[in-house]
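Enquirer: These protein sequences, in sequence, are chains A and B. One point on numbering: in the numbering used here, the residue at position 316 of the first sequence is 542, and numbering is uninterrupted. One point on numbering: in the numbering used here, the residue at position 58 of the second sequence is 64, and numbering is uninterrupted.
Hints may contain errors.
Calculated Cβ distances over 12 Å to all of chain A for the following chain B residues [to be verified]:
1) E90
2) H107
3) L116
4) I256
5) S271
6) I278
Within a straight-line C-alpha distance of at most 27 Å, the following computed DSSO-like cross-link-like pairs (lysine-lysine) qualify [claimed, not checked]:
7) K491(A) with K479(A)
8) K137(B) with K259(A)
9) K63(B) with K259(A)
10) K289(B) with K249(A)
Short derived list, chain B residues pointing at chain A, Cβ under 8 Å [as the list claims (entries may be wrong)]:
11) G103
12) L128
13) E161
14) S162
15) L325
16) K327
No wet-lab data here; the hints were simulated from the structure. Everything numeric in this text was worked out from a predicted model, so none of it was measured. No residue lacks a Cβ here, since even glycine has one placed at the ideal position from N, Cα and C.
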Amino acid sequence: MNRKLAYSLAINEALRQIMAIDKEVFIMGQGVKSPWYVGNTCKGLIALFGEERVIDTPISENAMTGAAVGAAIAGMKAIVMHPRTDFSLYALDPIINQAANWSYMNGGRASVPVVFWMIVNRAGEQAAQHSQALHSLFSHIPGLKVIAPSNAYDVKGLLISAIRDPNPVIFIDDRWLYGKEDFVPEEIYELPIGKAVIRNEGADVTLVSSSFLASESYLVVEMLKKEGISVELIDLRSIKPLDMELINSSVLKTGRLLIVDGSWKTNSIASEISASVNETLFKKLKAPVVRINLPDAPAPASRTLESEYYITKDMIIDAIKRLIN
Amino acid sequence: MDISKEDIIKLFKTMLLIRFSEESLVNPIIRGEIKTPVHLYSGEEAIASGLCSVLTKEDYIFGNHRSHGHYLAKGGDLGKMIAEIYGKETGCSRGRGGSMHLIDPENGVLGIVPIVAGTISLALGAALASKIRKDSRVTVSFFGDGATGEGVLYESLNFAALKKLPIIFACENNLYSTHLPISEIRVNENISETAIPFGIKSLRVDGNNVLDVFEAGKNAVEQCRNSNGPVFIEFLTYRMRGHVGPDDNIQGSHTDIRPKNEIESWKEKDPIKMLEKVIYDRKLFDQNQISLISEEIKNEVEDAMAFAVKSKYPDPADLLKYVYHE
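Here chain A stands alone, though its shape is the one from the complex (with noise of 0.2 Å):
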């Protein structure tokens, strides 16, 4: 494995490979046949397989994600993209009461092997509609399946996986992940869904983040290393199913816990790490669990608001040093 790719061309490089080996796999979506709207991770599609597989649609958020639905319902196996995750809240109908429940309320007699791409675009003054990082909501869902992948190899490995997958599966990326390079196998390969992955071993505290933060998290801990403060980083991978049995196995080792999780902080996923880690290791806690979120507040515009809004690398430095002490 010595081929670097970028994050976006890995998600191009998944759905080249799944496209051509196999003919139900389709993709429609705002974008899809412009070689800039979703950077460059449907370049090309359409001169591989046609206007017929990739579809760039009317905006028309409900009904193209209903589409997709029915279109899987029939056998397909279907990805629409949102551009913009904030975009995507007009088809809560066809992803929550349909997708969603679509198995159990039909009593497992039919699935959805459907995948809701929803890109996350963040800070450069877009304020609250084009900012939104959603996989905590999506993670209450009975039904749904939610990814957050943080690097190149594994948004190809867990790409592939949620489109074989027979249930909804909401994928969400960071257009920030987009330009950064990791090594990549160039066939195609799947990674499981419902597992999270140790980025790196330690002992004093456990730091879990996904997404774009476990990039961010990854840096902290290298520079952690060089002060002799050990850090176990997990990455979520998935947030749902959550993979607690690798969560609590790093806390029972290091008796602390930080998350680092870029949703809203009430009723968050790191609200949901952190009550079940009090449930089941309360008592081998060292320290309270910690959690950075953002604030309850949506993103604002100016820029002096939003370096206080985001969580940066210093934040995450900090929190490690006072659950140590």
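Given the coordinates of chain A, assemble chain B onto it according to the supplied hints.
Expert: Chain B in isolation, oriented as in the chain A frame:
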């Protein structure tokens, strides 16, 4: 009209099957044996029967809260439907869905849900799947006049027209949107005109005349199969029962919705009586033969009820089964 005696009798039987099974639910609802909300299709049988009779087994349909008739007309098993309404493990959705979540993928009944207009975009997607696969299936989306208040209908009409999808938008206009008469939910009472600005062929059909439904359906299906879809059809009809359960929603009763004389005048247009008249006029069958058919179907419904009643409820230990598809 070009319709065989066999087709007419088949339509008649389907309509009777729907009517008898719907009405057989009334007493168990009143006795509290059936608790799931049941929206009876009595009075609207001609639409499901006529339209589904021109579809193949492979074609798809999607329905709504009032869809027992759609499920049965498309070939869904009666016993499994009644068992589902009773919340039994032998139900078509294993007792997890109830009356408003019937399914039979083998017969093309792909989805039935009570979210108003909720399946229109799903039907759109099934039609899109057919276009991608070039499998020449047709999809029918059944929805009511109430669904015309939902924005997703218009998004779906636009996309269906844009991609020339093989879909029939079948609007069953029974003049009431839950508790509101149509005059209180829209200015233009002619729903079929809705689809015209999207560039969709639209027509308005007497939904109580099953032969009219059959003919309109046949033409619409042919257009869709020849890649000349979509088609929008408004079917004018009337629900004999009220919105939910056996309550007839008569003015003066506690639900207080419909004038008594309006209900009476629509009873004159009972779709089953209308077809019966055709059968006698054309001398296809005599009264005796019709009685025999009725008896046969009544027995079928009784057997299905007995099957449902004696079936087991789901095991509580299986509560979490089926949340995810394995």
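Enquirer: So if I understand the rule, the pair passes when the alpha-carbon distance is 27 Å or less; does K137(B) with K259(A) pass?
Expert: Judged against 27 Å, a Cα distance of about 19 Å means the pair holds.
Enquirer: Does I278(B) clear chain A by more than 12 Å, comparing its Cβ with all Cβ atoms of that chain?
Expert: Answer for I278(B): holds, closest chain A Cβ roughly 31 Å.
Enquirer: Please verify that the nearest CB of chain A lies beyond 12 Å from E90(B)'s CB.
Expert: Nearest chain A Cβ is 8 Å from E90(B), so the label is violated.
Enquirer: According to the definition I'm using, a residue is off the interface if its beta carbon is farther than 12 Å from all beta carbons of the partner; does I256(B) meet that for chain A?
Expert: holds, 33 Å
Enquirer: Given a cut of 8 Å on the nearest C-beta pair, is the interface hint for L325(B) held or broken against chain A?
Expert: violated, 10 Å
Enquirer: At a threshold of 8 Å, is the proposed contact between K327(B) and chain A supported by beta-carbon distances?
Expert: holds, 7 Å
Enquirer: Evaluate the condition: distance from the CB of H107(B) to the nearest CB of chain A exceeds 12 Å.
Expert: violated, 5 Å
Enquirer: Can we confirm that no CB of chain A comes within 12 Å of the CB of S271(B)?
Expert: holds, 37 Å
Enquirer: Regarding the hint that E161(B) lies at the interface with chain A, is the smallest CB-CB distance below 8 Å?
Expert: With Cβ-Cβ at 3 Å, under 8 Å, it holds.
Enquirer: Checking one constraint from the list: CA of K63(B) to CA of K259(A), max 27 Å. Satisfied?
Expert: violated, 36 Å
Enquirer: Can we keep the S162(B) interface hint, with Cβ of chain A closer than 8 Å?
Expert: holds, 5 Å
Enquirer: Does L128(B) pass the interface check with chain A, least Cβ-Cβ distance below 8 Å?
Expert: Holds. Min distance 3 Å.
The earlier numbered hints that this structure contradicts are 1, 2, 3, 9, 10 and 15.
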